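**Q** One letter stands for each residue in the lines below.
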Amino acid sequence: MTAYILHVCIIMVLFSMLSLSLNIAVGMTGLVSLGHAAFFGIGAYASGLMMLCGLPFEVSLVLSGIVTSVFGIILAVPSLRVKDDYLAIVTLGFGIIAVIILMNMDITGGPDGLTGIPPASVFGVALTSKPVYFAFCSSILAIMVLTTSRLKASKVGRAWAAIRDNDTVAMFMGINIYYYKVLCIVISSFWAGIAGSLYAHYTGYINPMTFGMQTSIMILAMVVLGGIGSIPGSIIGASVLVLLPELLRGFEAHQGIFYGALLVTMMVLRPQGIMGKMKVTDIFARGS
Amino acid sequence: MLVVSNLHCYYGRIHALKGISLHVKSGEIVVLIGGNGAGKSTALKAISGIVQAASGTVTFNNNDITHVSPDKIVMAGISHVPEGRRIFPRLTVEDNLLLGAFTRRDSSEIKKDMGKMKELFPVLANRSKQYAGTLSGGEQQMLAIARGLMSRPSLLLLDEPTMGLAPVIAQDIYRQVIYLNKEQGLAILIVEQNARIALGLAERGYIIETGRIMLEGNCRELKQSNEIKRAYLGKDYREVWE
Numbered sequence: 001m002t003a004y005i006l007h008v009c010i011i012m013v014l015f016s017m018l019s020l021s022l023n024i025a026v027g028m029t030g031l032v033s034l035g036h037a038a039f040f041g042i043g044a045y046a047s048g049l050m051m052l053c054g055l056p057f058e059v060s061l062v063l064s065g066i067v068t069s070v071f072g073i074i075l076a077v078p079s080l081r082v083k084d085d086y087l088a089i090v091t092l093g094f095g096i097i098a099v100i101i102l103m104n105m106d107i108t109g110g111p112d113g114l115t116g117i118p119p120a121s122v123f124g125v126a127l128t129s130k131p132v133y134f135a136f137c138s139s140i141l142a143i144m145v146l147t148t149s150r151l152k153a154s155k156v157g158r159a160w161a162a163i164r165d166n167d168t169v170a171m172f173m174g175i176n177i178y179y180y181k182v183l184c185i186v187i188s189s190f191w192a193g194i195a196g197s198l199y200a201h202y203t204g205y206i207n208p209m210t211f212g213m214q215t216s217i218m219i220l221a222m223v224v225l226g227g228i229g230s231i232p233g234s235i236i237g238a239s240v241l242v243l244l245p246e247l248l249r250g251f252e253a254h255q256g257i258f259y260g261a262l263l264v265t266m267m268v269l270r271p272q273g274i275m276g277k278m279k280v281t282d283i284f285a286r287g288s
Numbered sequence: 001m002l003v004v005s006n007l008h009c010y011y012g013r014i015h016a017l018k019g020i021s022l023h024v025k026s027g028e029i030v031v032l033i034g035g036n037g038a039g040k041s042t043a044l045k046a047i048s049g050i051v052q053a054a055s056g057t058v059t060f061n062n063n064d065i066t067h068v069s070p071d072k073i074v075m076a077g078i079s080h081v082p083e084g085r086r087i088f089p090r091l092t093v094e095d096n097l098l099l100g101a102f103t104r105r106d107s108s109e110i111k112k113d114m115g116k117m118k119e120l121f122p123v124l125a126n127r128s129k130q131y132a133g134t135l136s137g138g139e140q141q142m143l144a145i146a147r148g149l150m151s152r153p154s155l156l157l158l159d160e161p162t163m164g165l166a167p168v169i170a171q172d173i174y175r176q177v178i179y180l181n182k183e184q185g186l187a188i189l190i191v192e193q194n195a196r197i198a199l200g201l202a203e204r205g206y207i208i209e210t211g212r213i214m215l216e217g218n219c220r221e222l223k224q225s226n227e228i229k230r231a232y233l234g235k236d237y238r239e240v241w242e
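From first to last, the protein sequence lines stand for chains R and G. So that you can map any letter, position 232 of the first sequence is 232 in this note's numbering, and since no number is skipped, the others follow by simple counting. So that you can map any letter, position 222 of the second sequence is 222 in this note's numbering, and since no number is skipped, the others follow by simple counting.
Here chain R stands alone, though its shape is the one from the complex:
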């Protein structure tokens, strides 16, 4: 039983990272992404492959974040010329392409995925036991929360907020909006890559379907439910959406219905999310 609770907790922490990293793009900068799970997947595969090649965990954890950021730049440079709903479609396409590539490459193991990914170990200490791994992931989430809240309160965060509110006027202020948008994607994808790496070494097995559109939408739902632009909201949103299916297990066949109905009710009653101040339409319906 404890093992099961710890497992749910670890997944909660990993999805908190994903929803917080997506919130940096969606909530803080107004860049809506429907392909965030692709970054999660890129980080997972990068880390898994690096460790299978014999790199130590510490190195592949950090490198997987960096590799994912590089993919973030590859996506951002051409696609940030469009915004709002168009950007959402571009990122949706990116997510689909990423899964198809993972599914068809030999090095990634094709549709079967990667197996036998070694578990994490830091400076010779194996993190195989669940409580230890939970503590490790939580401390990384804590680092992420700290750096993100520092960023949010800094000049960079103000530039992001200005771009989110009105990117034309942000240009009038002398903000290089292209630079700050790319920076946002780099940071957002870095953290998603780290979450991917932690996931890969936790499960030891990854396959492309985990990183598809369904997961992307799930992460976006966590952001919206928790509150667009809110850091605690990201964690609460992720925790609720990971916990809910577990709590609804008793309803067996009707689980999906309750899950869906709860989501609908919450969004009707509180469209700005649990902790947020903005609605989804605030991101899309901006004057320019």
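Just so you know, these hints were derived from the structure itself, not from any lab. Given the structure is predicted, the values throughout are model-derived calculations rather than measurements. Beta carbons: idealized from backbone N, C-alpha and C, even for Gly. Each hint should be verified, as a subset may be incorrect.
Derived lysine-lysine pairs resembling BS3-like cross-links, with alpha carbons at most 30 Å apart [as the list claims (entries may be wrong)]:
(1) G:229 - G:18
(2) R:152 - G:112
(3) G:112 - R:155
(4) G:111 - R:155
(5) R:152 - G:18
(6) R:130 - R:83
Label-pair distances were calculated between CB atoms; the ranges are [claimed, not checked]:
(7) R:138 - G:168: 39 to 45 Å
(8) R:111 - G:13: 46 to 52 Å
(9) G:128 - R:138: 35 to 41 Å
Chain G: place on chain R using the hints.
**A** What follows is chain G alone, placed relative to chain R:
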């Protein structure tokens, strides 16, 4: 200090500016008058680098800034207050002002300037933490101007600062504009639809119609010109319409 010569701009296939030439000397208020769609705002946007010029040049303090990015132009000392009171509604008054100083790095001086803005526009003084979107129209315009001043410009571009405001508030705003010019020597280029206010305010003026400068000169002379009287000040209005 600012010299625009033979500037052409396009929006897609629409030829918005068809060879505009104008200049602003330091410490001067210059006004650009014209109706809807005449190209007034485009001219300002081309100066501040938001809209790319197809041909022609913009020089500022003898440096060519025609194809310089908007952030570098702000750093060079030109600040553009966009039309329609475009403040950041979901950010606080304080954050709006800080964003105006985005290109600056001297944080202690920025703090001092925030204090100055609150003296200049007392309505902003007690509202630092209030969301800018909750301010009234006139207050938002004052915030927009204050935000524009936070970059410490030597030339301020004001795009229709009194559009949609009550006459009393418009007067208030122009009183501050004149103060900034007289007391601080700030050069100001104003775009205005209301020719009566504009000509009373500035030293020199340009009349722009469908992307071309039709008339230019001293405001006193412009006010006397029959053409201006007819098109912008309502001369012969009675004879024709009543």
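**Q** Each hint: holds or not?
**A** Results of checking the hints against the structure:
no., hint, verdict
1, G:229 - G:18, "holds (25 Å)"
2, R:152 - G:112, "holds (23 Å)"
3, G:112 - R:155, "holds (18 Å)"
4, G:111 - R:155, "holds (14 Å)"
5, R:152 - G:18, "violated (44 Å)"
6, R:130 - R:83, "violated (42 Å)"
7, R:138 - G:168: 39 to 45 Å, "violated (59 Å)"
8, R:111 - G:13: 46 to 52 Å, "holds (49 Å)"
9, G:128 - R:138: 35 to 41 Å, "holds (36 Å)"
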